[in-house]
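> Full structure from sequences and hints, please.
As given, the protein sequences belong to chains A and B, one line each in that order. According to this note's numbering, the first sequence is numbered sequentially starting from 123. According to this note's numbering, the second sequence is numbered sequentially starting from 17.
Just so you know, the hints here were simulated from the structure itself, not pulled from any lab data. Only a predicted model underlies this, so the values are computations on that prediction, with no experimental measurement involved. Just so you know, not all the hints are guaranteed correct.
Stated by the list, open to error - Below, simulated BS3-like cross-link-like pairs (lysine-lysine); rule was C-alpha separation at most 30 Å, straight line:
#1 B/Lys22 / A/Lys294
#2 A/Lys393 / B/Lys99
#3 A/Lys294 / B/Lys99
#4 A/Lys329 / B/Lys22
#5 A/Lys376 / A/Lys220
#6 B/Lys129 / A/Lys191
#7 A/Lys409 / B/Lys129
#8 A/Lys307 / A/Lys195
#9 A/Lys195 / A/Lys220
#10 A/Lys329 / A/Lys235
#11 A/Lys220 / A/Lys294
#12 A/Lys329 / B/Lys154
#13 B/Lys115 / A/Lys298
#14 A/Lys393 / A/Lys138
#15 B/Lys99 / A/Lys376
#16 A/Lys389 / A/Lys197
#17 A/Lys195 / A/Lys134
#18 B/Lys115 / A/Lys409
#19 B/Lys142 / A/Lys409
#20 A/Lys220 / A/Lys197
#21 A/Lys221 / B/Lys99
#22 A/Lys218 / A/Lys191
#23 A/Lys197 / A/Lys246
#24 A/Lys246 / A/Lys376
#25 B/Lys99 / A/Lys389
#26 B/Lys154 / A/Lys298
#27 A/Lys376 / B/Lys115
#28 A/Lys307 / A/Lys134
#29 B/Lys99 / A/Lys307
#30 A/Lys298 / A/Lys220
#31 B/Lys22 / A/Lys218
#32 B/Lys142 / A/Lys294
#33 B/Lys142 / B/Lys22
#34 A/Lys127 / A/Lys246
#35 A/Lys220 / B/Lys154
#36 B/Lys99 / A/Lys246
#37 A/Lys409 / B/Lys45
#38 B/Lys99 / A/Lys329
#39 A/Lys307 / A/Lys294
#40 A/Lys409 / B/Lys99
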Amino acid sequence: MTNIKQIEENLKREAKRLLESKEVSVVLAYARGYDEHHPLPYAARTAGEVGNLIFNEYCTYNLARYLTKYPPKTKIAIAVKAADSRAVVQLIQEEKVKKEDLVILGIPFIGMKDPKTGEEIDQKTTCHMANPVLYDILLGEEIRDAGAGSPYDVLAELEAMDQAARWSFWEKEFSKCIRCFACRKACPMCYCDPCFMDASRPRWADKSPTADGNLMYHLTRFYHLAGRCIDCGECSRACPMDIPLHLFHKKMAKECETMFGQAAGMKIDDKPVMVNYGNQDSDEMLK
Amino acid sequence: MDFEPKILGIACNWCTYTGADLAGTTRLKYPQNVRTVRVMCSSRINPSFIIRAFQLGADGVLVGGCHPGDCHYGTGNLYARRKLAITKKILEFAGMDQKRFRVEWISASEGNKYAEIVEEFTRDLKALGPQNTFRIEKDSRERI
Ligand code: SF4
Ligand code: SF4
Numbered sequence: 123m124t125n126i127k128q129i130e131e132n133l134k135r136e137a138k139r140l141l142e143s144k145e146v147s148v149v150l151a152y153a154r155g156y157d158e159h160h161p162l163p164y165a166a167r168t169a170g171e172v173g174n175l176i177f178n179e180y181c182t183y184n185l186a187r188y189l190t191k192y193p194p195k196t197k198i199a200i201a202v203k204a205a206d207s208r209a210v211v212q213l214i215q216e217e218k219v220k221k222e223d224l225v226i227l228g229i230p231f232i233g234m235k236d237p238k239t240g241e242e243i244d245q246k247t248t249c250h251m252a253n254p255v256l257y258d259i260l261l262g263e264e265i266r267d268a269g270a271g272s273p274y275d276v277l278a279e280l281e282a283m284d285q286a287a288r289w290s291f292w293e294k295e296f297s298k299c300i301r302c303f304a305c306r307k308a309c310p311m312c313y314c315d316p317c318f319m320d321a322s323r324p325r326w327a328d329k330s331p332t333a334d335g336n337l338m339y340h341l342t343r344f345y346h347l348a349g350r351c352i353d354c355g356e357c358s359r360a361c362p363m364d365i366p367l368h369l370f371h372k373k374m375a376k377e378c379e380t381m382f383g384q385a386a387g388m389k390i391d392d393k394p395v396m397v398n399y400g401n402q403d404s405d406e407m408l409k
Numbered sequence: 017m018d019f020e021p022k023i024l025g026i027a028c029n030w031c032t033y034t035g036a037d038l039a040g041t042t043r044l045k046y047p048q049n050v051r052t053v054r055v056m057c058s059s060r061i062n063p064s065f066i067i068r069a070f071q072l073g074a075d076g077v078l079v080g081g082c083h084p085g086d087c088h089y090g091t092g093n094l095y096a097r098r099k100l101a102i103t104k105k106i107l108e109f110a111g112m113d114q115k116r117f118r119v120e121w122i123s124a125s126e127g128n129k130y131a132e133i134v135e136e137f138t139r140d141l142k143a144l145g146p147q148n149t150f151r152i153e154k155d156s157r158e159r160i
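And the structure:
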């Protein structure tokens, strides 16, 4: 695996070249926050700003989140780790961004750490892939061995529970939600404007965080992300109340893979699963 | 008094709703536990409707659409099948008994199938008892 300092150097070099040659008008990457362990998403617009870019194991944010914020046809370079690249692919499938407007700077890396806890996140909260699935420039050497285990191993405990126990688990977790919408803000696939939660007719939930509104928000959001969530785990890391949202999203990703035979954000010419229905589907899925 | 489950039925206009009508006009006997809402197509059903129904105290939800291949609009029920399959998985993983949510394909000529399914579903729900998982208190229901 390429040394993380080397990745940072490569990132700066490519960003500088892309901005100087005017190939792109913005480079989405990371800069230092209040200290090294708390980086921030950063948009470099000039070669001079490239000096601010950093990359270290705390740069967990999924920058694909910002792609849909730019007007169409903006030329953007974006730094992506494996899961982030899947978000870019999914956005291309959903026709939210065009491949020709992007320069994808791929980062092959295993060993990212949660800025809040310092714990390694790959195995637990992400899709546990090492290499980006789509890139134009790779900022380090491809990783041959991502380590054993499936991204769905963490579900074992919840899957083994009976229904009543699972409900009391989620009921307790959802009751902590203060409806700050950080999960929605962090998620690359939550680009709807307005979100169903902001609608006043029908009003799906009270503005204040009531238990029933929280249930409606989360279950509907899980539905809206089913087959689209690329398992970056950012929603859970963004949550100030430490609600393990990624576990539910992972379960839905697993179910979609089993039922529809396709994981989100793997190939640009895949059709998103929700529009890829057909006569070949079996009624078994409704059992 | 025996527990009488409340069932929300959501039926597509072209098949299941007409099938239910047929069950009525041919004077088939079946339990009166279903309150039916008619939609133009099963794909019109927003999964949030189902969550809301359980919050407002439904003991079961029955969705009926045309048989795959027979959709009035061509592919609506094929889309609905994927949507509702995911809905089912969500309810199940959240901790709702998945027997409380049922999807059936019932054509306009299948009045007897409609009656049989309602009969069977009502029986199953009676055995399960009242749904208290998502149900919210009566006085807070006014809010929503
Ligand atoms: S739902 Fe969470 S894990 Fe899935 S794409 Fe959004 S932020 Fe990432
Ligand atoms: S980030 Fe956490 S507290 Fe905030 S809305 Fe999402 S789940 Fe609720």
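> The structure should be examined with respect to each hint, and the outcome stated for every one.
A quick look at each hint next to the structure:
{"no.": "1", "hint": "B/Lys22 / A/Lys294", "result": "holds, 27 Å"}
{"no.": "2", "hint": "A/Lys393 / B/Lys99", "result": "holds, 16 Å"}
{"no.": "3", "hint": "A/Lys294 / B/Lys99", "result": "holds, 27 Å"}
{"no.": "4", "hint": "A/Lys329 / B/Lys22", "result": "holds, 29 Å"}
{"no.": "5", "hint": "A/Lys376 / A/Lys220", "result": "holds, 27 Å"}
{"no.": "6", "hint": "B/Lys129 / A/Lys191", "result": "violated, 51 Å"}
{"no.": "7", "hint": "A/Lys409 / B/Lys129", "result": "holds, 18 Å"}
{"no.": "8", "hint": "A/Lys307 / A/Lys195", "result": "holds, 23 Å"}
{"no.": "9", "hint": "A/Lys195 / A/Lys220", "result": "holds, 8 Å"}
{"no.": "10", "hint": "A/Lys329 / A/Lys235", "result": "violated, 34 Å"}
{"no.": "11", "hint": "A/Lys220 / A/Lys294", "result": "violated, 41 Å"}
{"no.": "12", "hint": "A/Lys329 / B/Lys154", "result": "holds, 20 Å"}
{"no.": "13", "hint": "B/Lys115 / A/Lys298", "result": "holds, 28 Å"}
{"no.": "14", "hint": "A/Lys393 / A/Lys138", "result": "violated, 35 Å"}
{"no.": "15", "hint": "B/Lys99 / A/Lys376", "result": "holds, 15 Å"}
{"no.": "16", "hint": "A/Lys389 / A/Lys197", "result": "holds, 21 Å"}
{"no.": "17", "hint": "A/Lys195 / A/Lys134", "result": "holds, 24 Å"}
{"no.": "18", "hint": "B/Lys115 / A/Lys409", "result": "holds, 9 Å"}
{"no.": "19", "hint": "B/Lys142 / A/Lys409", "result": "holds, 20 Å"}
{"no.": "20", "hint": "A/Lys220 / A/Lys197", "result": "holds, 10 Å"}
{"no.": "21", "hint": "A/Lys221 / B/Lys99", "result": "holds, 28 Å"}
{"no.": "22", "hint": "A/Lys218 / A/Lys191", "result": "holds, 10 Å"}
{"no.": "23", "hint": "A/Lys197 / A/Lys246", "result": "violated, 34 Å"}
{"no.": "24", "hint": "A/Lys246 / A/Lys376", "result": "holds, 15 Å"}
{"no.": "25", "hint": "B/Lys99 / A/Lys389", "result": "holds, 22 Å"}
{"no.": "26", "hint": "B/Lys154 / A/Lys298", "result": "holds, 23 Å"}
{"no.": "27", "hint": "A/Lys376 / B/Lys115", "result": "holds, 21 Å"}
{"no.": "28", "hint": "A/Lys307 / A/Lys134", "result": "holds, 27 Å"}
{"no.": "29", "hint": "B/Lys99 / A/Lys307", "result": "holds, 24 Å"}
{"no.": "30", "hint": "A/Lys298 / A/Lys220", "result": "violated, 38 Å"}
{"no.": "31", "hint": "B/Lys22 / A/Lys218", "result": "violated, 42 Å"}
{"no.": "32", "hint": "B/Lys142 / A/Lys294", "result": "holds, 28 Å"}
{"no.": "33", "hint": "B/Lys142 / B/Lys22", "result": "holds, 10 Å"}
{"no.": "34", "hint": "A/Lys127 / A/Lys246", "result": "holds, 25 Å"}
{"no.": "35", "hint": "A/Lys220 / B/Lys154", "result": "violated, 50 Å"}
{"no.": "36", "hint": "B/Lys99 / A/Lys246", "result": "holds, 28 Å"}
{"no.": "37", "hint": "A/Lys409 / B/Lys45", "result": "holds, 27 Å"}
{"no.": "38", "hint": "B/Lys99 / A/Lys329", "result": "holds, 27 Å"}
{"no.": "39", "hint": "A/Lys307 / A/Lys294", "result": "holds, 23 Å"}
{"no.": "40", "hint": "A/Lys409 / B/Lys99", "result": "holds, 13 Å"}
Checked against the numbered hints above, the structure violates hints 6, 10, 11, 14, 23, 30, 31, 35; every other hint is satisfied.
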